[in-house]
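**Q** Residue-level listing of the chains:
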Amino acid sequence: MKSVMKRLLWALALLAALYGAAAAEPADGYPVTLFYPTADEPNLLPVESGLLIGPWQSAAECAVLRLIDTSDEDLVIRPCPVGTRLLGIQQSEGAVVVDLSLDARNAQSRNALFLMRECVARTLFSLPGVECVDVLIAGRALPLSGAPAGCVTDADTSGRYALFMDPGAERGQSTAMLYVPDPEGRYIMPSPVRLQAGDDALSALIEVGNGAPLWTDWEMAALTDGRQVARITMDPEAGMSDGEVKLRMAALTCTLTGYIPGLDGVLFEKDGAPVTLNGTSYDAVMTRSSCREYLADVVCVYVPDGDGALRPYRAAMLSGDARVPYSVMSLLFDESLLGAYGFDTGLPEDVLKDALLGVSVDGDVATIRLSPRFVSACQALSPDLERLLVYAWVNTLTRIPPITGVRFAVSTEPIEALSGSISMKSSLVRAPGMIRAASE
Amino acid sequence: MYSLEDAANASTVGRLAEEAASALRRRDGQALHDLCLSAGTARAIIVDEEGVALADSLSLLNGQLIAQPEVLAALESGESQKGRYIVREGDSTEPAFAGFVAGERAVSVYAAPVGEDGAVCLIADSEDARQAILRVMWRVLLIAAGAVAIALVAGLVVARWVTVPLRRLSAGIESMTRGDFKTRVEAAGHDEFAQLSRSFNQMCDRIQHLDKARGQFVSNASHELRTPLSTIKILTQTVLYQEPMDPVMAKEFLGDIDSEIDRLNSIISDLLTLVSLDNDAPVQLKPLNVGQLLDETTRRLQPLARERGIEMTLNIRDQIPVSGESGQLTRVFYNLIDNAIKYTGRGGHIRIECQRKDRKAVIRVADTGIGIPAEDQQHVFDRFYRVDKARSRETGGTGLGLSIVRQIVLMHGGTVYVSSDGLNKGSTFTVELPELS
Numbered sequence: 001m002k003s004v005m006k007r008l009l010w011a012l013a014l015l016a017a018l019y020g021a022a023a024a025e026p027a028d029g030y031p032v033t034l035f036y037p038t039a040d041e042p043n044l045l046p047v048e049s050g051l052l053i054g055p056w057q058s059a060a061e062c063a064v065l066r067l068i069d070t071s072d073e074d075l076v077i078r079p080c081p082v083g084t085r086l087l088g089i090q091q092s093e094g095a096v097v098v099d100l101s102l103d104a105r106n107a108q109s110r111n112a113l114f115l116m117r118e119c120v121a122r123t124l125f126s127l128p129g130v131e132c133v134d135v136l137i138a139g140r141a142l143p144l145s146g147a148p149a150g151c152v153t154d155a156d157t158s159g160r161y162a163l164f165m166d167p168g169a170e171r172g173q174s175t176a177m178l179y180v181p182d183p184e185g186r187y188i189m190p191s192p193v194r195l196q197a198g199d200d201a202l203s204a205l206i207e208v209g210n211g212a213p214l215w216t217d218w219e220m221a222a223l224t225d226g227r228q229v230a231r232i233t234m235d236p237e238a239g240m241s242d243g244e245v246k247l248r249m250a251a252l253t254c255t256l257t258g259y260i261p262g263l264d265g266v267l268f269e270k271d272g273a274p275v276t277l278n279g280t281s282y283d284a285v286m287t288r289s290s291c292r293e294y295l296a297d298v299v300c301v302y303v304p305d306g307d308g309a310l311r312p313y314r315a316a317m318l319s320g321d322a323r324v325p326y327s328v329m330s331l332l333f334d335e336s337l338l339g340a341y342g343f344d345t346g347l348p349e350d351v352l353k354d355a356l357l358g359v360s361v362d363g364d365v366a367t368i369r370l371s372p373r374f375v376s377a378c379q380a381l382s383p384d385l386e387r388l389l390v391y392a393w394v395n396t397l398t399r400i401p402p403i404t405g406v407r408f409a410v411s412t413e414p415i416e417a418l419s420g421s422i423s424m425k426s427s428l429v430r431a432p433g434m435i436r437a438a439s440e
Numbered sequence: 441m442y443s444l445e446d447a448a449n450a451s452t453v454g455r456l457a458e459e460a461a462s463a464l465r466r467r468d469g470q471a472l473h474d475l476c477l478s479a480g481t482a483r484a485i486i487v488d489e490e491g492v493a494l495a496d497s498l499s500l501l502n503g504q505l506i507a508q509p510e511v512l513a514a515l516e517s518g519e520s521q522k523g524r525y526i527v528r529e530g531d532s533t534e535p536a537f538a539g540f541v542a543g544e545r546a547v548s549v550y551a552a553p554v555g556e557d558g559a560v561c562l563i564a565d566s567e568d569a570r571q572a573i574l575r576v577m578w579r580v581l582l583i584a585a586g587a588v589a590i591a592l593v594a595g596l597v598v599a600r601w602v603t604v605p606l607r608r609l610s611a612g613i614e615s616m617t618r619g620d621f622k623t624r625v626e627a628a629g630h631d632e633f634a635q636l637s638r639s640f641n642q643m644c645d646r647i648q649h650l651d652k653a654r655g656q657f658v659s660n661a662s663h664e665l666r667t668p669l670s671t672i673k674i675l676t677q678t679v680l681y682q683e684p685m686d687p688v689m690a691k692e693f694l695g696d697i698d699s700e701i702d703r704l705n706s707i708i709s710d711l712l713t714l715v716s717l718d719n720d721a722p723v724q725l726k727p728l729n730v731g732q733l734l735d736e737t738t739r740r741l742q743p744l745a746r747e748r749g750i751e752m753t754l755n756i757r758d759q760i761p762v763s764g765e766s767g768q769l770t771r772v773f774y775n776l777i778d779n780a781i782k783y784t785g786r787g788g789h790i791r792i793e794c795q796r797k798d799r800k801a802v803i804r805v806a807d808t809g810i811g812i813p814a815e816d817q818q819h820v821f822d823r824f825y826r827v828d829k830a831r832s833r834e835t836g837g838t839g840l841g842l843s844i845v846r847q848i849v850l851m852h853g854g855t856v857y858v859s860s861d862g863l864n865k866g867s868t869f870t871v872e873l874p875e876l877s
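As they're listed, the protein sequences go chains A and B.
Here the first sequence is numbered in my numbering, starting from 1 and rising by one per residue.
Here the second sequence is numbered in my numbering, starting from 441 and rising by one per residue.
Derived by calculation from the structure, the hints in this document are not laboratory data.
Some clues are possibly wrong.
In silico DMTMM-like cross-links for lysine to aspartate or glutamate, where the CA-CA straight-line distance does not exceed 25 Å [said to hold, decoys possible]:
{"hint": "1", "chain 1": "B", "residue 1": "Lys797", "chain 2": "B", "residue 2": "Glu700"}
{"hint": "2", "chain 1": "A", "residue 1": "Lys425", "chain 2": "B", "residue 2": "Asp696"}
{"hint": "3", "chain 1": "A", "residue 1": "Lys425", "chain 2": "B", "residue 2": "Glu544"}
{"hint": "4", "chain 1": "B", "residue 1": "Lys800", "chain 2": "B", "residue 2": "Glu875"}
{"hint": "5", "chain 1": "B", "residue 1": "Lys726", "chain 2": "B", "residue 2": "Asp686"}
{"hint": "6", "chain 1": "B", "residue 1": "Lys800", "chain 2": "B", "residue 2": "Glu736"}
{"hint": "7", "chain 1": "A", "residue 1": "Lys425", "chain 2": "A", "residue 2": "Glu413"}
{"hint": "8", "chain 1": "B", "residue 1": "Lys522", "chain 2": "B", "residue 2": "Glu614"}
{"hint": "9", "chain 1": "A", "residue 1": "Lys425", "chain 2": "A", "residue 2": "Asp321"}
{"hint": "10", "chain 1": "A", "residue 1": "Lys425", "chain 2": "B", "residue 2": "Glu736"}
{"hint": "11", "chain 1": "A", "residue 1": "Lys353", "chain 2": "A", "residue 2": "Asp305"}
{"hint": "12", "chain 1": "A", "residue 1": "Lys425", "chain 2": "B", "residue 2": "Glu765"}
{"hint": "13", "chain 1": "B", "residue 1": "Lys782", "chain 2": "B", "residue 2": "Asp696"}
{"hint": "14", "chain 1": "A", "residue 1": "Lys270", "chain 2": "A", "residue 2": "Glu335"}
{"hint": "15", "chain 1": "A", "residue 1": "Lys425", "chain 2": "B", "residue 2": "Glu700"}
{"hint": "16", "chain 1": "B", "residue 1": "Lys782", "chain 2": "B", "residue 2": "Glu700"}
{"hint": "17", "chain 1": "B", "residue 1": "Lys522", "chain 2": "B", "residue 2": "Glu490"}
{"hint": "18", "chain 1": "A", "residue 1": "Lys425", "chain 2": "B", "residue 2": "Glu875"}
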């Protein structure tokens, strides 16, 4: 009887919330659907809302913060335990890694933990482009023993829930967030991979990460202090630089700790001794937090090519920088990058280098401030070159929520044209038709 | 053809305008681009309120000011617009068409406003419709040309069919006008022209006959007039130059001269009568009683008949009213009866009858006289025609009496004919006059 009453109360609360959500005016801001747990597991309560994305913030970050900051006055069940903080969020194309503080472990039950992950994942799925979400607590996989490991992809909740409720069920494949070094060897980027579920996740992850020949041996081990670690033996003659090795170590650490539940860190050894790189001995257990300096978001910029199209170029960038439009745009003023795609502006290199003065965002409109020297030099651009250049900037910036339109200014004064074929009187919007896939 | 295409494209552009409203307000480039792509094979361009392209199916005009007249008109008027163009590849005057067409093609442009936020422009290839229209147009032209050609040929044939006989007829008339009465035209076939030609030929026959008769008449009249004049001349010269002249003989000669003068007078009088009749002098027709006229005429000539020992009877079976001129009809009956008396011998009979038949008054004057040979019967009504000239002179005839009879009867709408079984078997003259209705 008590449980029936309890269910009845929750049902009423649910109805009231639904009514409130339906009757509410559409929220201003970047549209998002927030998902909250309900008493009727595993159904979630979707709430349409709008995000106010501040400077140096991404839509994903704002969405997770909204979930975390849910108060009792919202008449919904909090998806995260009180005190939960967002330690970090990484975004790479369609993959998002959300790292919550240890307070998230204070979920009332295993089910609550599962639903917390579901709420975060499905909220992020409502944002454009997000396809895979990995939720970590303090840099480690959720302690959901028996539950499907790895990332959550945009598939039906009931399927995941069924597997969660039946630990003995056949798992099939799962998605692991693999961390890989960026082409420039400065950062590690998350990249989802499909993994055949099995008992030896460690081997599976190392193999899929193509760690050989660097990693020669590996095993799970328990330290004397009770921490569970992966002990990795390295090849002393792998032929890599210390910087490269360090990057690989960070990548493997984040990969393993993000996937294997209960894994506290990774211990690297070389010839039975701690690894020394650049004069530093790495005898401590590596965790995700020790790799933060390498964790990068992947940003996508559109580079004009020599065939009159825009090609996506993906670059790793520290999360802080990835959310700054100016940092992202700076990539497009790099002559070497443009040249790599066969695009020749015909402008002097020094003009291009100092062209970008800044990017400001007001609401959903970004304003690119260009140098007078650059604007003057652009008068000689052909209509096709102008179009490609301008829309490379526009398409790049409009990937960054909440930007939907782009204006232009010389120093601080608005301009209406560069060489004259593109009208800049009003903000320009995204032109997806000019984009060609990298492989085309 | 165009209207069907217009309806479909207008529907598409209307749909795009409706769906673009929200995306345009949000400045959602992806949504606008997707909408443009949903236009199918047509090119769609979505512009903002300034006419700047925000989305383009071909992604060639993004950011450019679209000066397409239909777009500008739609933005200004707030109403849908449409236009048609013939565009050639590489035509740089219409950037909206650049990259869209190959070769020379017909293009239709439709523009619809999207509230006050912008407009949608649809550029559709209507070359198929244009080619279909051109094909139809060429077919119509060919058919029309063919019809004109056929009509021309048919017209020429008909004209030839009409004008050739007319030309022949016209030539014939000209010949007749010049006096060539022998002219005849060809009258082959049974159509109206052949009938006309035959009628013309008949007319020519008649004119020729009349001309011949005229000539003959003049000749006869001259002869008839000269004859008594010659006699008068001879007698006068005899009286004047014969020495000595017996007074008795002179008196006899003068008496002959007097008779010839009377004869001459009669001929001239009859000629004048005929001329008058020929000139269609107005006749005052009045209702007359034929029987009464016959009766009066018969009474006048009865003494003459009695003197010659001829029995003359009158039988009026019906009193028949006719419309006619009393004097003239009396002359008809007088001439016929007088002739009968002249050419019937002593002891002969003259029977005069009048009866109604088929709404006509039929008057017969039958005698037992010298009769008329068959070959002469059709000529007795000709002027100056005498079966027996000598006998006619003796009786004082001018040869014009029956001509006068026929002319008067014809003027009254009647007919006159003669029948005779031959010489010395008498003659019957029949006059038919229409009864007065």
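**Q** State the violated hints by number, sorted upward, taking the hints as numbered earlier in the document.
**A** Structure breaks hints 1, 2, 3, 5, 8, 9, 10, 12, 14, 15 and 18.
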